[in-house]
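Heads up: the protein sequence lines correspond to chains S and Z, in order.
Under numbering that gives the first Met the number 0, the first residue of the first sequence is numbered 0, with each subsequent residue one higher.
Under numbering that gives the first Met the number 0, the first residue of the second sequence is numbered 0, with each subsequent residue one higher.
It is possible that part of the hints are untrue.
Any copy will do: because identical chains look the same in the list, a pair fits if it lies in one copy or spans two.
[Claimed, not checked] Subject to a maximum C-alpha distance of 25 Å in a straight line, what follows is the list of computed DMTMM-like cross-link-like pairs (lysine to aspartate or glutamate): (1) K118 with E45; (2) K37 with D116; (3) K41 with E108; (4) K320 with E102; (5) K253 with D238; (6) K41 with D116; (7) K320 with D71; (8) K37 with E112; (9) K118 with D92; (10) K118 with D86; (11) K41 with E112; (12) K41 with E140; (13) K13 with D116; (14) K320 with D101; (15) K118 with D9; (16) K38 with D116; (17) K254 with E285; (18) K118 with E61; (19) K320 with D86; (20) K38 with E156.
Hints are computed from structural coordinates only; laboratory data are not their basis.
2 protein chains.
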Amino acid sequence: MRKATTTIADVARKANVSTATAGRVLGNYGYASETVRKKVQKAARELGYRPNHLARSLIRGETRTIGVVVGDIQSPFYARIIRGISDVARASDMGLIITNSDEATDLEEQSVELLMDKKVDGMIVSPCDTINAAHLRAAHEAGIPMVLIDRRVKGLEVDSISLDSVGSARAGVGDLLRAGHRRIALVAELAGTGGMTIERIMSSSPPGPPDINYHYPSWQRLLGYLLAHHDAGIAPQSDLICQVKSYSSKVAAKKAVEILRSDTPPTALFTADGVMSAGVMAAVKEVGARIPDDISLLCFDDLDWMEFMVPGIDAISQPRKQMGQMAARLLMERIADPTSEPRVLDLVPRHVERGSIRQILTTEGVNGGPDA
Amino acid sequence: MRKATTTIADVARKANVSTATAGRVLGNYGYASETVRKKVQKAARELGYRPNHLARSLIRGETRTIGVVVGDIQSPFYARIIRGISDVARASDMGLIITNSDEATDLEEQSVELLMDKKVDGMIVSPCDTINAAHLRAAHEAGIPMVLIDRRVKGLEVDSISLDSVGSARAGVGDLLRAGHRRIALVAELAGTGGMTIERIMSSSPPGPPDINYHYPSWQRLLGYLLAHHDAGIAPQSDLICQVKSYSSKVAAKKAVEILRSDTPPTALFTADGVMSAGVMAAVKEVGARIPDDISLLCFDDLDWMEFMVPGIDAISQPRKQMGQMAARLLMERIADPTSEPRVLDLVPRHVERGSIRQILTTEGVNGGPDA
DNA sequence: CTGAAAGCGCTTACAG
DNA sequence: CTGAAAGCGCTTACAG
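Turn these sequences into a full structure, and let the hints guide you.
Structure follows, in structure tokens:
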């Protein structure tokens, strides 16, 4: 069934030239006169010649393929990143191998191994552990061009692109505070890894351990939340910080309902990601609160059709696809120039106001403020 | 920076054997005595030998890589399919190259070309055109193992796996009819391609052109809808068939609002996919209808957290991840045995009842029925 | 500009 | 069981 494949030798024979010459015109390298070029191309066309990239790669030491390892391609977060990467790869006429790590170090190791076996020209990885990553260090030592996306690894000096989670959470919560909100609840995963605790992060003034970049995004967003309070000279209250601990909408919903039904409920909610947002929206619905009259909602997420269903939410929009595109471009540049200084990029998400941040007039504002 | 890679020749030298012998133990083929085996393995370990799969592939004519072309990896539908494929690929220790077609024939062609250049051992494609697919036919002729997912191509006899859209829509709408509903609206894309029209599909009795398998899923679901009515001896009303024409939640919402506000609104809504479902739910919300008291909702979709936000919806759940897994298994089997008969699989989705189908008592039921 | 030869890193007959 | 040789399909110096 499978047609015997026609090789450069076949073309050369038919065109009455050497394989070297045929190779030069077909591979587009070296010199070749117009006449020979024509002859060879004609022969190639007639024989339906297609170059064998495997042989070419073996010699040239490049496969024109890049590898990606993400947590789970099923998640919209990663799916979009991959779309961005895929677009740039296609434009550069490169292949794209993807693998999932399920956020587990051993699977991530396997993935990196697979990619190295496939001799990818470079890889983009979203590392699942920001500290233990011997396999990534090894790959880097071995000279594989690498760019980290969404998270960084302590002491691994490679190109990386992340979101400025701290800065954008700080700005968003700052907006809420400026609108007069004084009881802003934070709903975030804040899983206890790497020795980080809420106490530890709140204990310094201004808040902020120096290694925050190596902790999970939800901790970074908590830090932004605390810094915004610090900026405004307002003491954050720990009873408003909802540590969900698991990455689950249902658990987030449960916790959010509790806080909404407390004696002193918040006037605004800030969620650290899309999963928390879904939970919080279900909770708001359950307690029958109206947005934004009863409560303002600021979500660190794109929302998409979530917003379509529940209008009036504010969002800190994460440009996931662009992140993928930028990561891929960084990688292409790194492949072209392996020695230049690593670049560390921090994207500032776009804060999309949709009118959820309702102005709360303080007594001061009502009696003596400029707008009174 | 990049370490000089150690080859079989290096290992052979260090172990004092021929490259052929070293190759046999390292590649795990042919015979080798225990002593030699040990010696070679020791040398390989000490030198940190890693086989070069490129060279191996060149000779063996297999890359242990499969390719996938889907419409858009960003869409949850495809992302899950790919996850399923990816799981099987990993279990078989194969790589996975993905490409997007954006549902355009020329991009699909490019994708297939890329995959063939990469010499994949087989490909899974979700064809964007069920008739024009010369590139797929060519790839099949060339002997590339191929399985089609979600859609089939007329006259291309390869393995395929799809959903039994007609059957499951028929069953689901049948449930609505048995519950007493008589005005069931259908909201579906029903884009006009391949000469299909609502008139054409409704004109025969029982409804159903013989080539329905080669039309887009929304047409298949319309057919199921019509067949259910036919089964129940009820004439479908064309004013209840909402042809959205574009794959857009917003447009679907607009159309659904119109139908919900008509003089004779439906008592139940059946949506043909997730995008339509989102639109319909927004519409239900906009007109202030309650589910299921005012209206029953049956969605051809997984719903996921949509259901989490709007409880009480019925769903026809599509096992996308399993579809991916099954497609990958079909492909593995096809690679192992290229000549056996192609298999055509139709998955029957699971109908998940969550209580949205409210019983509507007909006059007959109230006065004379067994439960009266 | 063109060709003969060597080589990329493996595997595969073929002798022994 | 082991080795010398040829070969997968290209590209790369090296002569001419």
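Task: Same-copy or cross-copy closeness of K41 to E112 [CA-CA at most 25 Å] - done: between (42 Å within a copy, 21 Å between copies)
- [ ] Pop the pair K118 and E61 into one bin, within, between, both or neither, using alpha-carbon distances up to 25 Å.
- [x] both (7 Å within a copy, 15 Å between copies)
TODO: Could you figure out if K37 and E112 sit no more than 25 Å apart (CA to CA) within one copy, between two copies, both or neither?
DONE: For K37 and E112, the Cα distance is within 25 Å only across copies (24 Å; inside one copy 44 Å).
- [ ] Could you place K118 and E45 in one of the four classes (within, between, both, neither) given a Cα distance threshold of 25 Å?
- [x] The answer is between: 21 Å across copies meets 25 Å, while 33 Å in one copy does not.
Open item on the list: At most 25 Å between alpha carbons: which applies to K118 and D92, within, between, both or neither?
Closed with: Cα proximity of K118 and D92: in one copy and across copies (17 Å, 15 Å).
- [ ] With 25 Å as the alpha-carbon cut-off, assign the pair K320 and E102 to within, between, both or neither.
- [x] Close inside one copy (20 Å) and across copies (19 Å); limit 25 Å.
- [ ] Check K320 against D86 for me: Cα-Cα at most 25 Å, and say if that holds within a copy, between copies, both or neither.
- [x] both (9 Å within a copy, 24 Å between copies)
TODO: If the cutoff is 25 Å on CA atoms, where do K41 and E140 land: within, between, both or neither? Let me know, please.
DONE: For K41 and E140, the Cα distance is within 25 Å only across copies (23 Å; inside one copy 46 Å).
Open item on the list: Please sort K320 with D71 into within, between, both or neither, judging by C-alpha distance up to 25 Å.
Closed with: both (15 Å within a copy, 13 Å between copies)
- [ ] Tell me, please, which holds for K253 and D238 at an alpha-carbon limit of 25 Å: within, between, both or neither?
- [x] within (15 Å within a copy, 43 Å between copies)
Open item on the list: If the cut is 25 Å between Cα atoms, do K118 and D9 qualify within a copy, between copies, both or neither?
Closed with: The answer is between: 20 Å across copies meets 25 Å, while 28 Å in one copy does not.
TODO: Go through the copies and call it for K38 and E156: within, between, both or neither, with a Cα cutoff of 25 Å.
DONE: Neither, since 51 Å and 38 Å both go past 25 Å.
In the structure shown, a violation is registered for the earlier hint numbered 20 alone.
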